[in-house]
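Number of protein chains: 2
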Amino acid sequence: MNKIITISREFGSGGREFGCRLAENLGIKYYDKEIISKIAEKADLSEGYVKEVVEKRPMPLFPMTIGATFAAVGVYYPLMVEESVYTAQTEVLQELAEQSDCVIVGRCADYILRSYNPFKIFVYADMPSRIKRCMERSTPDEQLTEKEMKKKINNVDESRAKYYDFYTGQKWGARQNYNVCINTTGMDIGALAEAYSHMLK
Amino acid sequence: MNKIITISREFGSGGREFGCRLAENLGIKYYDKEIISKIAEKADLSEGYVKEVVEKRPMPLFPMTIGATFAAVGVYYPLMVEESVYTAQTEVLQELAEQSDCVIVGRCADYILRSYNPFKIFVYADMPSRIKRCMERSTPDEQLTEKEMKKKINNVDESRAKYYDFYTGQKWGARQNYNVCINTTGMDIGALAEAYSHMLK
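Protein chains in written order, with our numbering: chain A, 1 to 201; chain B, 1 to 201.
Keep in mind that the hints were calculated from the coordinates and are not lab data.
Be a bit skeptical, because a hint or two may be false.
Identical chains blur together in the list; that is why a pair holds if it fits in one copy or across any two.
Derived DSSO-like pairs: lysine-lysine, alpha-carbon spacing no greater than 27 angstroms straight-line [unchecked claim]:
| # | residue 1 | residue 2 |
| --- | --- | --- |
| 1 | Lys-171 | Lys-152 |
| 2 | Lys-151 | Lys-171 |
| 3 | Lys-3 | Lys-152 |
| 4 | Lys-150 | Lys-171 |
| 5 | Lys-150 | Lys-201 |
| 6 | Lys-42 | Lys-152 |
Build the full structure now, drawing on both the sequences and the hints.
Right, here's the structure in full:
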């Protein structure tokens with residue numbers, strides 16, 4: 001069975017950089033944003049639309065099974081789309097896991113690929129260092145104040161948590177769902193990735 | 001400043017073995033149970049009494065500052081003893097941290113030694129593997145059923161959490177209080193300690 005490493009992360013914690021460098025050090029594939037394109041292709045939807053679906057919270061109160069019943073009578077079309085996106089996401093992740101060793105960031109991969117016994121990492125950091133990281137990486141057209149950035153970080157994490165909790169029935173960020181939870185506060189991400197790549201070789 | 005590594009751990013997770021092996025691999029001091037003797041000596045109390053004080057929950061509802069006020073009028077003598085034990089514990093830990101690099105298990109060391117910038121590790125595992133580990137290590141005079149062992153594990157963790165929360169004002173096991181949270185479920189503790197000793201060299 002291929003070696004699968006999944007990364008879940010708080011927004012602004014450097015989880016994506018950590019995952020990317022880890023894959024680079026281990027000489028294995030790294031999947032992140034390209035998963036969206038693959039899902040879009042499989043679900044026959046635009047990338048933008050898929051991105052919107054996976055980045056916003058799922059519709060509350062209706063688990064997929066109920067959603068499908070309503071959707072069948074045409075009342076909850078968005079839920080049908082959400083379900084097709086999640087199904088495509090599951091298929092895409094399974095295909096990637098079958099292909100080769102890899103690091104996968106986000107997309108509930110830790111849960112979806114549980115039968116592959118992945119090594120599950122959760123990356124986090126304290127709020128000041130997440131704000132600092134996000135401010136440093138802001139594009140020129142995204143000039144937020146620190147207060148606005150904090151609000152954005154909390155919103156993104158809330159959406160991630162809701163999405164994860166809804167589809168997995170588990171609690172996002174709860175330590176029991178991961179092999180290791182890594183705090184990047186005050187740490188050099190490159191050095192951390194280097195250290196963990198030795199461990200995961 | 002000396003390198004201080006603190007280990008907090010769920011009961012039965014193998015945190016003590018992990019800490020001991022880590023110290024061995026790093027060639028640095030390891031402190032665990034001997035801290036109790038040092039506290040007893042400093043507070044002029046018996047080891048057994050100190051053990052009882054630090055292993056049971058602190059008295060609820062009375063933070064130390066209030067407790068001392070009551071104690072001054074002789075109403076809450078046990079709180080005075082608890083306070084003197086905690087004071088001795090603080091002094092002992094600071095002396096150890098000043099002496100040399102070390103690994104310290106338990107005793108709120110992550111919080112008490114925060115000015116030494118320790119590397120703070122939380123070790124945990126799922127309940128079945130903690131029960132298994134504890135059953136395997138039971139002494140002949142402690143023959144508990146799995147159900148009884150589970151109850152014991154929960155009780156010990158509850159006491160640890162209450163003690164930690166009371167004295168630190170933080171939440172025991174909450175990821176933000178640690179540099180890394182390590183799940184030992186299904187892992188070889190020796191290999192884990194080996195890996196982390198490379199990282200912490």
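The hints, checked one at a time:
1. Lys-171 <-> Lys-152: The answer is both: 21 angstroms in one copy and 25 angstroms across copies each meet 27 angstroms.
2. Lys-151 <-> Lys-171: both (21 angstroms within a copy, 24 angstroms between copies)
3. Lys-3 <-> Lys-152: So Lys-3 and Lys-152 fail the 27 angstroms test inside a copy (34 angstroms) and across (37 angstroms) alike.
4. Lys-150 <-> Lys-171: Answer is both: 22 angstroms inside a copy and 22 angstroms across each meet the 27 angstroms cutoff.
5. Lys-150 <-> Lys-201: Neither. Shortest intra-copy (36 angstroms) and inter-copy (35 angstroms) distances fail the 27 angstroms Cα cut-off.
6. Lys-42 <-> Lys-152: neither (30 angstroms within a copy, 51 angstroms between copies)
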